[in-house]
Amino acid sequence: MKRTFLAVLLGGILSLGTLGASTAFADQTVIRVGYPGVGVDNQPYGYGDSVSLAHVGHFLEDAFKDNPNIKVEWTFFRGAGPELNEALAAHQLDIAAGLGDLPSIVGRARGLKTRFLLPASEHGSLYLAVSPKSNINSIDDLKGKKVAQFRGTNLQIATDAVLEAHHLTEKDVKFVSLTTADGLAALTSGNVDGSFGGEEYLDLQKRGIVKIVYASKQDAPIFGTNSAVFVTEEFEQAHPDLTQKVVTAFVKAAAWGSTEANRPQVFEAWAKAGVPVASFAEDFEGQTLARRNTALIDDFIKARYADKAAKAKQYGLIKKDIDLNSWFEPKYLETALKELKLENFWPTYDANGKKLTDGMVESQKQAAAQ
Amino acid sequence: MARAPYFSSPSLQTLALQNPAALAADQHAALLLGGFHPVPTGDGLIAPQAKQGQDEDRVARVHDTGPGGAGTLDRINVAISNWVGDHGGRLLLGLSFPLLLFIVWQASSLYGWLPDQILPAPSLVWQTLQERIADGSLWDDASISLLRVLRGFTLGVGAGLLLGGLMAASRKLHDYLNPLFLAISQVPTLGWVPLLILLVGIDEGLKNILVALSVFIPVTLGTYQGIRDVPHGYREVGQVLTFGRAQMLRTIILPAAVPAIFTGLREGLSNGWQTLVAVELLASTEGLGYQMSYGRQLFQLELVIAAMLVIGLIGFVFDFLLGRIENHLQRWKVAA
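Taken in sequence, the protein lines are chains X and V. Under the working numbering, the letters of the first sequence match residues 1 to 370, in that order. Under the working numbering, the letters of the second sequence match residues 1001 to 1336, in that order.
Quick caveat, the hints were computed from the structure, so don't treat them as lab data. It is possible that some hints are incorrect.
[Stated by the list, open to error] Computed cross-link-like contacts, SDA-like style, restricted to lysine to any residue with a CA-CA straight-line distance of at most 25 Å:
| id | chain 1 | residue 1 | chain 2 | residue 2 |
| --- | --- | --- | --- | --- |
| 1 | X | K146 | V | E1286 |
| 2 | X | K133 | V | D1203 |
| 3 | X | K211 | V | L1198 |
| 4 | X | K313 | V | P1115 |
| 5 | X | K311 | V | D1135 |
| 6 | X | K171 | V | V1310 |
| 7 | X | K311 | V | R1296 |
| 8 | X | K174 | V | L1195 |
| 9 | X | K145 | V | V1310 |
| 10 | X | K145 | V | R1151 |
| 11 | X | K145 | V | E1286 |
| 12 | X | K313 | X | K331 |
| 13 | X | K311 | X | D219 |
| 14 | X | K146 | V | A1142 |
| 15 | X | K174 | V | W1139 |
| 16 | X | K145 | V | S1137 |
| 17 | X | K133 | X | Q218 |
| 18 | X | K320 | V | L1161 |
| 19 | X | K313 | V | S1137 |
| 20 | X | K143 | V | V1200 |
| 21 | X | K146 | V | I1197 |
| 22 | X | K320 | V | A1134 |
| 23 | X | K145 | V | E1204 |
| 24 | X | K319 | V | E1131 |
| 25 | X | K313 | V | W1126 |
| 26 | X | K174 | V | A1134 |
[Unchecked claim] Incomplete in silico selection of chain X near chain V, CB under 10 Å:
| id | residue |
| --- | --- |
| 27 | R78 |
| 28 | G81 |
| 29 | E86 |
| 30 | R110 |
| 31 | L112 |
| 32 | F150 |
| 33 | T153 |
| 34 | L178 |
| 35 | A186 |
| 36 | S189 |
The structure displayed is predicted, hence computed values, not measured ones. We put the CB at the ideal spot given by N, CA and C, even for glycine.
My request is simple: use the sequences and hints to build the entire structure.
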């Protein structure tokens, strides 16, 4: 008995040794990219931002195709921002692509060490959908009602700001935390009185299953959702060159996604997540792609994040203030813009949303219109 | 081994010590039956003869109240020291493991074994608890959860006692119902959630039904077993004394079935509490389970841990209370 045990133990130790030897030769770097969200039926696709375009168009993989030792691994988190934060805390991710404003602020307030590389989406829409027969006609009617909302995502802070503008607080409404897909199902089956969400509700409205009584597009810019690309400080310090290549790839994708001529292809790429092309067309009506898929760190996006951070503290979603200045890391973005000759591609805006400089992408559109 | 609970209140003993003549005949008889043999000592007090082992210590301590007789403060003192003596060792043993876990937790946050966002420091959890107690939100959530579990528990116990009793009374009914009952009891309670959500939505109805279901199953089983296992000899005594059905039930069957029924009740309450928290995690707008879900979404895991502590404490109190009620109902039992 004892001899058998010793023999097994010895065998185990030896095999572990060979395992160690084999991994020493591999020397592969895996860039672990996380996206906070899944498609409507849990498909591993995102929508509404430039990073999903990068995913569908394989921009990241193409950037490293000459280097067989570098692999890019995408993970799509059904639990959105909150679940992605947990993965960041457990050191399981290197890049958070398209992480929403609130989860990234919450993560930073809790001590997650990340750097803000570039925005992935701005002016994202917030919709309030209710049942067609419902007596809720505006935000004011929400008092005491049961409403589905994906808590902890950028929908929550946007909703809180809208509620505040209508003199309501979170305590006045009974919020149920449901994922995007579950929220759709709950509203359709009548289990909740209303649901806050994004463009996924537009198709339901078209089919008469819900009616939308609030759209942030018709409101001030503070009520929109934003998301950005982050890198862990650990990965950035270990691989600044890889970080640069990743940023360049994302900027390329954002440029492609900001060119008006590509509008139909952009919507089709996003439609892989199960939201129909027509919904994006409706959501983006009256807006340029460039406005929403911009990759610039300008005063507008900095002001938006400062706003959201202050509001998050005000609503009690974070306990202490966060240091925004050391968070933004524009050097990779600037290098990428120079490399791709896109320095003047996008227009810049000031903190209030007023345009400061024009961008080449707009004149392209005008040229196309002529 | 249960000590005769009739003597767990010091008053009867003290009464016997101070003024044996004041005892009524049945109390005196009970004392004798319980092995409490009064023996007169020289100073007018009577001292109970030691029975054996444990009781010796207890007896000695009771006797040490001094010649003037047992005053109120002394009686309290004696009661406490008796209790600590009896239960103190077990209390220490019971606390040792949680204490060890706490030390490991504190070490983990000091040395960073787990990231601080995933396992917050004990001091942060304590601070969160204090804040939530101060602004009343802990009481709000806890009371909502407690009300829900009590409603479901009442429903489940009522249904369980009824069905268990009926199945025990009628062999035919048992043969008809038992297979279906067993099949249903195999399905995990949370497995019913998707179906029930479609039928009753995510309101209070869902919680009531699920908690009642998780309580109903062990209570039915316990009741059935308890009533079936009443020794035949006891029933014969009842028949010999020509008890009617009601009297048989009240004086023989139910008291004899108490242990099994209470096992069912304790398991039922524990199941019900766990089911409620799980349902609140999935589909709720308030309550302790909702706090856990909210804490997770907002990356404030100290909220999660604080809620877990409160949930565990309440579950512990439930079990303790039921145990005391069970002891009280079993006071007819004489220590073997």
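Evaluation of the provided hints:
1. X:K146 with V:E1286: Holds. K146 of chain X to E1286 of chain V sits at ~11 Å (cutoff 25 Å).
2. X:K133 with V:D1203: This hinted pair holds, its Cα atoms lying about 20 Å apart.
3. X:K211 with V:L1198: holds, 21 Å
4. X:K313 with V:P1115: Distance of about 23 Å is within 25 Å: holds.
5. X:K311 with V:D1135: holds, 21 Å
6. X:K171 with V:V1310: The given pair, whose Cα atoms are some 22 Å apart, holds under the 25 Å limit.
7. X:K311 with V:R1296: holds, 20 Å
8. X:K174 with V:L1195: Holds - the C-alpha atoms of L1195 of chain V and K174 of chain X are around 23 Å apart, at most 25 Å.
9. X:K145 with V:V1310: violated, 28 Å
10. X:K145 with V:R1151: holds, 24 Å
11. X:K145 with V:E1286: Holds. K145 of chain X to E1286 of chain V sits at ~13 Å (cutoff 25 Å).
12. X:K313 with X:K331: The given pair, whose Cα atoms are some 29 Å apart, is violated under the 25 Å limit.
13. X:K311 with X:D219: holds, 17 Å
14. X:K146 with V:A1142: Distance of about 20 Å is within 25 Å: holds.
15. X:K174 with V:W1139: holds, 18 Å
16. X:K145 with V:S1137: Judged against 25 Å, a Cα distance of about 20 Å means the pair holds.
17. X:K133 with X:Q218: Holds, at about 23 Å.
18. X:K320 with V:L1161: Not satisfied, since the Cα-Cα distance of roughly 53 Å exceeds 25 Å.
19. X:K313 with V:S1137: Satisfied, since the Cα-Cα distance of roughly 19 Å is no more than 25 Å.
20. X:K143 with V:V1200: holds, 23 Å
21. X:K146 with V:I1197: holds, 15 Å
22. X:K320 with V:A1134: holds, 19 Å
23. X:K145 with V:E1204: holds, 15 Å
24. X:K319 with V:E1131: holds, 12 Å
25. X:K313 with V:W1126: holds, 21 Å
26. X:K174 with V:A1134: holds, 22 Å
27. R78: violated, 13 Å
28. G81: holds, 9 Å
29. E86: Where the cut-off is 10 Å and the nearest Cβ of chain V is about 7 Å from E86 of chain X, the hint holds.
30. R110: Status holds, d = 5 Å.
31. L112: holds, 7 Å
32. F150: holds, 8 Å
33. T153: holds, 8 Å
34. L178: holds, 8 Å
35. A186: Check passed: Cβ of A186 of chain X comes within 7 Å of chain V, closer than 10 Å.
36. S189: holds, 7 Å
Hints 9, 12, 18, 27, counting from the list given before, are not met by this structure.
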